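> Chain by chain, the residues run as shown.
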Amino acid sequence: MKIINLVGVFLAVIMSFAAFNIWASEASSGKEKVVIQVSDADAGKWNLTLNNAKNIQQMLGADNVEIEIVVYGPGIAMLKADSVVGNRVEEAKAANISIVACQNTMKGMKLTEADMLPNTSYVPAGVVELMHKQKAGFAYIRP
Amino acid sequence: MKIINLVGVFLAVIMSFAAFNIWASEASSGKEKVVIQVSDADAGKWNLTLNNAKNIQQMLGADNVEIEIVVYGPGIAMLKADSVVGNRVEEAKAANISIVACQNTMKGMKLTEADMLPNTSYVPAGVVELMHKQKAGFAYIRP
Amino acid sequence: MKIINLVGVFLAVIMSFAAFNIWASEASSGKEKVVIQVSDADAGKWNLTLNNAKNIQQMLGADNVEIEIVVYGPGIAMLKADSVVGNRVEEAKAANISIVACQNTMKGMKLTEADMLPNTSYVPAGVVELMHKQKAGFAYIRP
Chain C
1 MKIINLVGVF LAVIMSFAAF NIWASEASSG KEKVVIQVSD ADAGKWNLTL NNAKNIQQML
61 GADNVEIEIV VYGPGIAMLK ADSVVGNRVE EAKAANISIV ACQNTMKGMK LTEADMLPNT
121 SYVPAGVVEL MHKQKAGFAY IRP
Chain X
1001 MKIINLVGVF LAVIMSFAAF NIWASEASSG KEKVVIQVSD ADAGKWNLTL NNAKNIQQML
1061 GADNVEIEIV VYGPGIAMLK ADSVVGNRVE EAKAANISIV ACQNTMKGMK LTEADMLPNT
1121 SYVPAGVVEL MHKQKAGFAY IRP
Chain Y
2001 MKIINLVGVF LAVIMSFAAF NIWASEASSG KEKVVIQVSD ADAGKWNLTL NNAKNIQQML
2061 GADNVEIEIV VYGPGIAMLK ADSVVGNRVE EAKAANISIV ACQNTMKGMK LTEADMLPNT
2121 SYVPAGVVEL MHKQKAGFAY IRP
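Residue numbers (my numbering), protein chains in the order written: chain C, 1 to 143; chain X, 1001 to 1143; chain Y, 2001 to 2143.
Treat the hints loosely; a few may be bogus.
Claimed, not checked - Here are the simulated DSBU-like cross-link-like pairs (lysine-lysine), alpha carbons at most 35 Å apart as the crow flies:
#1 C:Lys-54 to X:Lys-1080
#2 X:Lys-1135 to Y:Lys-2093
#3 C:Lys-33 to X:Lys-1033
#4 C:Lys-110 to Y:Lys-2107
#5 X:Lys-1110 to X:Lys-1080
#6 C:Lys-54 to X:Lys-1135
#7 Y:Lys-2093 to Y:Lys-2054
#8 Y:Lys-2107 to X:Lys-1033
#9 X:Lys-1110 to Y:Lys-2110
#10 Y:Lys-2054 to X:Lys-1135
#11 C:Lys-54 to C:Lys-107
#12 Y:Lys-2110 to X:Lys-1031
#13 Y:Lys-2093 to Y:Lys-2080
#14 C:Lys-135 to X:Lys-1135
#15 Y:Lys-2054 to C:Lys-33
Unchecked claim - Listed below are several chain C residues computed to face chain Y (Cβ distance under 7 Å; list not exhaustive):
#16 Ser-39
#17 Gly-73
#18 Val-127
#19 Val-128
#20 Leu-130
#21 Gln-134
#22 Arg-142
Everything labelled a hint here was simulated from the structure, so no lab data went into it. Because the structure is a prediction, the values reported are computed rather than measured. Note that CB positions come from ideal geometry on N, CA and C, so glycine has one too.
Work the whole structure out from these sequences, hints included.
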């Protein structure tokens, strides 16, 4: 009986730690998280995306939410130096909204960092970034 | 030995309850859940969205799935009193498909409830609603 | 005391198994998983989708990621026998990218399998497939 007891306790403790780790990692940051995709060559969509990000901060409180905008494919012009929404992109970055450009897209379109807005952040592949953020518990929005 | 036993049991029980609660909350409703986004000023998309919702009910059984359509941004005209899909929206609501309009968008476009279809339901911010539904286990579809 | 011990161990073991099963099923396949939606009648989108799938395989390694492209609604022409991206669809299938057509859409458009690219795979409803893949842990991308 005692041995069964001990084995039971041992198993339960080991498995509980595994389960607890999942729970802990899921609950780790109290922040809500959202990744927003920009993949259209459409300034209306760029403005809608920036409005969405701003609204999320206003509704939830800027400190309570982590927002990342992933820009790739035909959307990449949103982050080019001559972007029609360049000023709004700078404002968003100043408001702690992360905005990243896809290096894969840039390579395909022969764009270098010199062609982009100053202080742009980069990811190797926008689409993989969108996958990994979702895996990390980010909601996905495609305006 | 007895003390180790007791501490082990205690830890295991506490952590098991935490893990069990997660499991229970995830498995709570047997229903499938999906949130569908409408953010385009495009009657073709509105019809596609209403078709999608209807098909989901037909495939899974209307009682087995919870469907919410979130209408915001340039899509808001889908729920205006003069919407070209007004009849279909009423049919969908009668079929227990939830359809909600974004008050943030309405404010930005100077629309009041008097401008909208009768019996429209509202959420403060469509984009936050989409985040929270995903967090609550809803699949996300953007037709 | 012994009975409390036993009940505690019993509860902990039972609940731990439940929790462990969730953990095990989530961690089961080491593979990353992504479902990509095609619902636009837009050859630019079809090419972007096929580029996205290819890039995901290049970045993560084709053996480390499971990719499914779900084609439905106005996007269905991507998989018709006369599709302008027919060759690229065949290449993608040869590279172990799964591509499925929505039978609901085909019925609505009076298309039969004879109208589609050879070796096309089918699902009863594209939109339900997208829901179920998300439920099964696939990230969702709508290019």
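> State for each hint whether it applies.
Right, here's what the structure says about each hint:
| no. | hint | in the structure |
| --- | --- | --- |
| 1 | C:Lys-54 to X:Lys-1080 | holds (25 Å) |
| 2 | X:Lys-1135 to Y:Lys-2093 | holds (33 Å) |
| 3 | C:Lys-33 to X:Lys-1033 | holds (20 Å) |
| 4 | C:Lys-110 to Y:Lys-2107 | violated (43 Å) |
| 5 | X:Lys-1110 to X:Lys-1080 | holds (12 Å) |
| 6 | C:Lys-54 to X:Lys-1135 | holds (20 Å) |
| 7 | Y:Lys-2093 to Y:Lys-2054 | holds (11 Å) |
| 8 | Y:Lys-2107 to X:Lys-1033 | holds (25 Å) |
| 9 | X:Lys-1110 to Y:Lys-2110 | violated (43 Å) |
| 10 | Y:Lys-2054 to X:Lys-1135 | holds (29 Å) |
| 11 | C:Lys-54 to C:Lys-107 | holds (30 Å) |
| 12 | Y:Lys-2110 to X:Lys-1031 | holds (32 Å) |
| 13 | Y:Lys-2093 to Y:Lys-2080 | holds (15 Å) |
| 14 | C:Lys-135 to X:Lys-1135 | holds (12 Å) |
| 15 | Y:Lys-2054 to C:Lys-33 | holds (27 Å) |
| 16 | Ser-39 | holds (6 Å) |
| 17 | Gly-73 | holds (5 Å) |
| 18 | Val-127 | holds (5 Å) |
| 19 | Val-128 | holds (5 Å) |
| 20 | Leu-130 | holds (6 Å) |
| 21 | Gln-134 | holds (4 Å) |
| 22 | Arg-142 | holds (5 Å) |
In the structure shown, a violation is registered for the earlier hints numbered 4 and 9, in ascending order.
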